[in-house]
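Asks: Here's the letter readout for the chains.
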Amino acid sequence: MLQFAIKRLWQSIILLFIVTAITFFLMNLAPGGPSSMMRMDATEAEREAIAEQLGLNDHVVVRYGHWVANAFQGDLGVSFSTGQPVMDRIAERFPYTLKLGLWTILFSVIIGIVVGIISAKNRNTWKDHLINFGSVIGLSVPSFWLGIMMILLFSVTLGWLPSSGVGGDTLFESFSRYIMPVVILSTATLPTIVRFTRSSMLEVISQNYIRTSRAKGLKEKTVVYSHALRNALIPVISIIGVLIPRMLSGTVIVESVFGWPGMGRLIVEAAQARDYNLVMGVTVIVTAMVILSNFIVDIVYSKVDPRVKNIGN
Amino acid sequence: MSQAQEVEIKAVKREPRFRSFLKELSKNKVAFIALIFLVLIHVVVFLGPFIWTVNPDSTDPRNALASWSLEHPLGTDDLGRDVFSRMLAGGQITLLVGFASMVFTVIVGGLIGAIAGYFGGWIDTILMRFTEAMLSVPNFFLVLVALTVLGKSPFMVIIVIALTSWMEIARVIYGETLRWKESEFVEASASMGSSSIRTLLKHVVPQIIPSVIVSSTLGIAWAILSESAISYLGLGIQPPTATWGNMLQNAQQYIWTEPILGILPGVAITLVVLAYNFLGDGLRDILDPKYQKK
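Line by line, the protein sequences are chains H and V.
Position one of the first sequence corresponds to residue 1 (the numbering used here), numbered consecutively onward.
Position one of the second sequence corresponds to residue 1 (the numbering used here), numbered consecutively onward.
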């Protein structure tokens, strides 16, 4: 377990380096570069002063080194557009994306597993085909378009759900704001969980111990739910780790459609304002979210499946 | 092995595969309908403008947001442009961007996967670790930053989509290369003195092609979706050039009054992506025995 943790830590650090380096060099080597964030009417002397103050005259590799050194001490710099520390701006937005993400995962795991089991139990019948058809549709609809269409239907025409924003006076109101964003974010994750549960169930059902439990005369329900499902779910846990980056990508669009004040919106604002420190900060935190969630998934996985204890070797 | 024998074996092995390909595809009704739909939509989009010759960019402010008529079968948009001809012109760009992104994705992913699989050792370790790392990046964040700072030309859109979505294909090709490089006919070819490049191109690559076809079909679907999402954020191909994605973005402000402007391109994108996904799934069932339904 310790060996596994160390290996994981190494991989995480490498991942963080790759992501931050790509983002940093992308922004700094682009035409226009960091100086383009300055005011248009700044004089030459002012430009020089600002460049000096921000350390923009150093070589880009040196600047990246500085950034990494500061980041290691928890200092992500100051947001150019508002003058607040980057950490504060992220701390404002982070909880919203976290909540949205957790609800989405919960929703897609529960619905995905249930639908996947239905699909497997009715293999090659119309139910199975219908579920498969629905999964492919979910993966094929542009999420922002689905969002706009849902707003058109549920907010404008029917008036059932609020079209944007967060919070509300009543618990029901703040809950209702989650419904559409969660459903749309789930179109990226739910179909994969359904497919995975289905194929995993089908594989388990053909195993000998299932045949044995059937031969013993156990009820079909007992066979499916207490013998097959338990083992079928193990690989499903592992796929959640893969789905988290995909879901976070989805937040960029969904948060923009629904005016959700989370990290996805923040990166759009930061990129448009060329707020380099903020872009770097959001990228790091989002990557760290992925790393942390993958780590949790791995721990759960090794707890559930005794066979993967020696995962690191 | 004499040349005649080699030819004969090829004939035995290959001919039935290609001859029965369409037959097998027609058994999978959904995939077959998807293929027919895709052929039709490409014909309409690329040949349609020769028949429907209205200029998609010519504006007519007095006739803005008109509903359908004989003159404008799908009505006009906010600048009085003919929606039908813009759907055709936009479809061309969307489909071409999807196809081009897929080609670049396959090149990048294919090279990385094949090199890692074929050469093994530290090259393998570095490349596949990098692939794994890229897979766990929420890549839309990178897409967004890249397009904001690098500009929004069609070429940039294609490159950025390719550079953030090559990983799945790299893994598929990597797995296939590992599988085939140990096989007997590859060993035989090497032992008869073929260079490693020749072996790779002549014997390994043909085995991989079915997987590449499946991945690229699904890749086009992904690229079209990405293009539309990028356009939604205003970072895609810029107006007046129409794409289905930027038509949707433009329609957003009129969505409450003229919902049809937003519904049409969205339905078009969904149907094309759906068809590519179904076709890809169907092709996988036929071409890739590993995935065949039990």
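If you're looking for bench data, these hints aren't it; they were derived computationally from the structure.
Values in this document were obtained by computation on a predicted structure and should not be read as measured data.
Possibly wrong hints are sitting among the right ones.
[What the hints assert, rightly or not] Here are the simulated SDA-like cross-link-like pairs (lysine to any residue), alpha carbons at most 20 Å apart as the crow flies:
#  : chain 1 : residue 1 : chain 2 : residue 2
1  : V       : K202      : V       : V212
2  : V       : K29       : H       : E269
3  : V       : K27       : H       : W126
4  : H       : K121      : H       : S226
5  : H       : K7        : V       : M128
6  : H       : K7        : V       : K202
7  : V       : K29       : H       : F133
8  : V       : K27       : V       : L287
9  : V       : K152      : H       : E269
10 : V       : K27       : H       : N124
11 : V       : K27       : H       : K121
[As the list claims (entries may be wrong)] Derived CB-CB ranges, DEER-like:
#  : chain 1 : residue 1 : chain 2 : residue 2 : range
12 : H       : G83       : V       : E132      : 16 to 26 Å
13 : H       : L161      : V       : Q238      : 45 to 55 Å
14 : V       : L201      : H       : G259      : 52 to 62 Å
15 : V       : E184      : H       : V61       : 20 to 30 Å
16 : V       : V54       : H       : W160      : 33 to 43 Å
Heads up, the beta-carbon is just placed ideally off N, CA and C, and yes, glycines get one too.
Asks: Decide, hint by hint, whether the structure agrees.
Replies: Tested hints:
no. : hint                        : in the structure
1   : K202/V / V212/V             : holds (16 Å)
2   : K29/V / E269/H              : violated (46 Å)
3   : K27/V / W126/H              : holds (17 Å)
4   : K121/H / S226/H             : holds (15 Å)
5   : K7/H / M128/V               : holds (16 Å)
6   : K7/H / K202/V               : violated (39 Å)
7   : K29/V / F133/H              : holds (13 Å)
8   : K27/V / L287/V              : holds (14 Å)
9   : K152/V / E269/H             : holds (17 Å)
10  : K27/V / N124/H              : holds (15 Å)
11  : K27/V / K121/H              : violated (24 Å)
12  : G83/H / E132/V: 16 to 26 Å  : violated (38 Å)
13  : L161/H / Q238/V: 45 to 55 Å : violated (33 Å)
14  : L201/V / G259/H: 52 to 62 Å : holds (53 Å)
15  : E184/V / V61/H: 20 to 30 Å  : violated (49 Å)
16  : V54/V / W160/H: 33 to 43 Å  : holds (40 Å)
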